[in-house]
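These are the residues of each chain, in order.
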Amino acid sequence: MANLLRIKIGGIGGQGVQFFSKLLINAAFKQGLNVTATSFYEPASTGGLTVSDVIIAHKNEEIIFPFVETPEILICLAQRAWDEFKLLATPRCVILADKDNVQDFSGEEVENAKLHFHLPFYGKAIEMGSEKLGNIIVLGFLSEMLDLADHYVPALLQDLDPEDAENLELLEVDAKNFEETLINSSPAKFRENNIKAFKVGYAMSQAIEYPKEKIEQHKK
Amino acid sequence: MSEPRILTGEHLISGNEAVAEGALAAGLQGYFGYPITPSTSIMERVIKRIQKIDDRISFVQMEDEIASITAVAGCSWTRKKAMTATSGPGFSLMQEGIGLAGFTETPLVLVNVMRGGPSTGLPTFPGQQETMQAHFGSHGDYLIPTLVPSSIQECFDFTIEAFNIAEALRTPVFVLSDQIISVLKERLIIPEADEIEIVNRASPSNPKITFKGEEIDVDFVPPHNAFGEHEKSFATGLSHDPSGHVDLSADNYEQLIDRLHNKIMKYQHLMPQPDLFNIDDAEIVLVAFGSTARACRRAMILARKEGLKVGTFKINTLWPFPKEQIEKVEQGRKILVVEMSRGQLIWPVERYVHKHVHHLAYYRGQIPTPSIILDKIRKVLGGDNK
Chain S
1 MANLLRIKIG GIGGQGVQFF SKLLINAAFK QGLNVTATSF YEPASTGGLT
51 VSDVIIAHKN EEIIFPFVET PEILICLAQR AWDEFKLLAT PRCVILADKD
101 NVQDFSGEEV ENAKLHFHLP FYGKAIEMGS EKLGNIIVLG FLSEMLDLAD
151 HYVPALLQDL DPEDAENLEL LEVDAKNFEE TLINSSPAKF RENNIKAFKV
201 GYAMSQAIEY PKEKIEQHKK
Chain D
221 MSEPRILTGE HLISGNEAVA EGALAAGLQG YFGYPITPST SIMERVIKRI
271 QKIDDRISFV QMEDEIASIT AVAGCSWTRK KAMTATSGPG FSLMQEGIGL
321 AGFTETPLVL VNVMRGGPST GLPTFPGQQE TMQAHFGSHG DYLIPTLVPS
371 SIQECFDFTI EAFNIAEALR TPVFVLSDQI ISVLKERLII PEADEIEIVN
421 RASPSNPKIT FKGEEIDVDF VPPHNAFGEH EKSFATGLSH DPSGHVDLSA
471 DNYEQLIDRL HNKIMKYQHL MPQPDLFNID DAEIVLVAFG STARACRRAM
521 ILARKEGLKV GTFKINTLWP FPKEQIEKVE QGRKILVVEM SRGQLIWPVE
571 RYVHKHVHHL AYYRGQIPTP SIILDKIRKV LGGDNK
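Read top to bottom, the protein sequences are chains S and D.
Each residue of the first sequence is one higher than the one before, counting from 1 in the working numbering.
Each residue of the second sequence is one higher than the one before, counting from 221 in the working numbering.
Don't take every hint at face value.
Claimed, not checked - DSSO-like mimics (lysine-lysine), calculated; alpha carbons at most 30 Å apart, straight line:
id : chain 1 : residue 1 : chain 2 : residue 2
1  : D       : Lys-525   : S       : Lys-59
2  : S       : Lys-22    : D       : Lys-534
3  : S       : Lys-30    : D       : Lys-554
4  : D       : Lys-554   : D       : Lys-534
Claimed, not checked - Ranges of calculated distance between the beta carbons of each label pair, as one might list FRET restraints:
id : chain 1 : residue 1 : chain 2 : residue 2 : range
5  : D       : Arg-276   : S       : Ala-207   : 55 to 65 Å
6  : S       : Thr-70    : D       : Glu-316   : 24 to 34 Å
7  : S       : Pro-187   : D       : Arg-276   : 28 to 38 Å
8  : D       : Glu-230   : S       : Thr-70    : 23 to 33 Å
9  : S       : Thr-70    : D       : His-574   : 54 to 64 Å
10 : S       : Pro-120   : D       : Lys-272   : 38 to 48 Å
11 : D       : Met-282   : S       : Gly-123   : 42 to 52 Å
12 : D       : Arg-524   : S       : Asn-112   : 23 to 33 Å
Rather than coming from a laboratory, the hints here were simulated on the basis of the structure.
Glycine is no exception: its CB is placed at the ideal position from the N, C-alpha and C atoms.
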């Protein structure tokens, strides 16, 4: 695990799952990391299940199998995605689920996960004027979560103490790279709103006090 | 603003985009196609790129796949490097044209991105069910080199190889990709232009060409007398002599069928050879190609952590089948074929290893995951012969 970060993101067509994954891997790639992203979608592109598996690794680490069987981070943007993938949420997993679109979010998978967040990503997007910004808000959240100054989440993902996690550049995808990718990948008319949405998501993660005692709890 | 034909450098792109870049790097001059999932993004990338390249490259969206393959063949007969790409039903429609191109010794590249079939089947899900169609899809006896990439780098490299084989041996060449590889995004390194070998077919005025340092024998591959270059040139789907003139005699037909087969077999060693992983001490060898080969390699690593001696035989050229290599590998070892079809790759493997072959046939529109393969390995090593 130490050399790979495995993320599975699922939603329904139209939620921007594939764009999310494209931005994530481009930002990581820009930083010199090795990445893969798979793309799964049902033929009905709007409303059908759509999934992307992202693996981030050191530059010289070969990613042999690009699909994710045991994600370190599981992101579910729709109920169908959660129903489909909750069994993959091992106790090693950090789960992000959208509050409005994943209404039935409960069970031992949630309780056992290292961290779980059930947050109104798409609700915030609607407040901003477009549901289509939801994926970018999640991206902003993930960016902050993976780039915490104290390395809390990266350490958690690798079963390390944050104090021992000074060399975790692998899991840090710098917010600057996310933003640059966002600017380069967004059509001009969406650019400004996308950046705003990214910052909203970033702030959502900043506002969370990550429960450090969970590390100790899992070490036991 | 113009762009170079060869985008030297590091890229993060999909398998289909890498195929398009490989074709451009190999010297593509004509693309004729009809869109179909999941191959369409090859066409889209070609369209996008050729508008920015100064070289003249023809593109026509044809009325269907039958027209596409025929236009590719026609373009090739003007000594231009031409290709098309398709999937499932489109590959079926192209079979007549493929036979014509093979029989008229027409260099071309056809990329088939496999999805679940038959018929419309599973348009957006993967399959490997054209394994045998690539060999026997058209009527008559023929043999078309078929390369099977399993990574984005191989999508690029094998497409260049495909053009070079097509030119060197005057034959259609298939690149058999699959839905997973087609949309997978991964690092691609495109070398400098002068590091890429480019082969151009022989002509009557320049009959000697080399491919990977080897001179191509004109007795096996006659120089191409392309349209418009000489007073007369002939191309016919009827049985013909080496100059292209109709000759239906028994001896000539037999010689022609043999030569078309033998020219591919003679230069089989110049095509991508299989990759062998951990074979030396292996008790069981996984045999696979394309995206399933990656699942097998991962399963192999997981199995070795459990102390199971597993190797992987990754096929890179499916046809002609790597007969000699598999014969060497199977000695004293169990063989497990893993494929996304009900049983196609197992046919040539069974034919060449002369013993019981274990089989993981996974035809669910999904890739068999490493844990599924590992489970099968445990069963086989545990004595389950199903």
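The hints, checked one at a time:
For a cut-off of 30 Å, the pair hint linking Lys-525/D to Lys-59/S stands: about 24 Å separates their Cα positions. Simply put, Lys-22/S and Lys-534/D have alpha-carbon atoms about 29 Å apart, close enough for the 30 Å limit, and the pair holds. For the hint linking Lys-30/S to Lys-554/D, the alpha-carbon distance of about 44 Å lies beyond 30 Å, and the restraint is violated. Of the pairs offered as hints, the one joining Lys-554/D and Lys-534/D holds, with about 15 Å between alpha carbons and a cut-off of 30 Å not exceeded.
Under the hint 55 to 65 Å, the C-beta atoms of Arg-276/D and Ala-207/S, about 57 Å apart, fit the expected range. One distance hint, 24 to 34 Å for the beta-carbon pair Thr-70/S and Glu-316/D, is violated here, with the actual separation near 47 Å. Remark: the range hint 28 to 38 Å for Pro-187/S to Arg-276/D is upheld by a beta-carbon distance near 30 Å. For the pair Glu-230/D and Thr-70/S, the beta carbons lie near 29 Å from each other, so the given range of 23 to 33 Å is met.
Against the hinted window of 54 to 64 Å, the Cβ-Cβ separation of Thr-70/S and His-574/D comes to about 39 Å, which falls outside the hint. The supplied range of 38 to 48 Å is met by Pro-120/S and Lys-272/D, whose beta-carbon atoms lie about 43 Å from each other. Distance hint for Met-282/D and Gly-123/S: a CB-CB separation of about 48 Å, consistent with the stated range 42 to 52 Å. Arg-524/D and Asn-112/S have their C-beta atoms about 29 Å apart, which keeps the hinted 23 to 33 Å range intact.
In summary, the numbered hints that this structure violates are 3, 6, 9.
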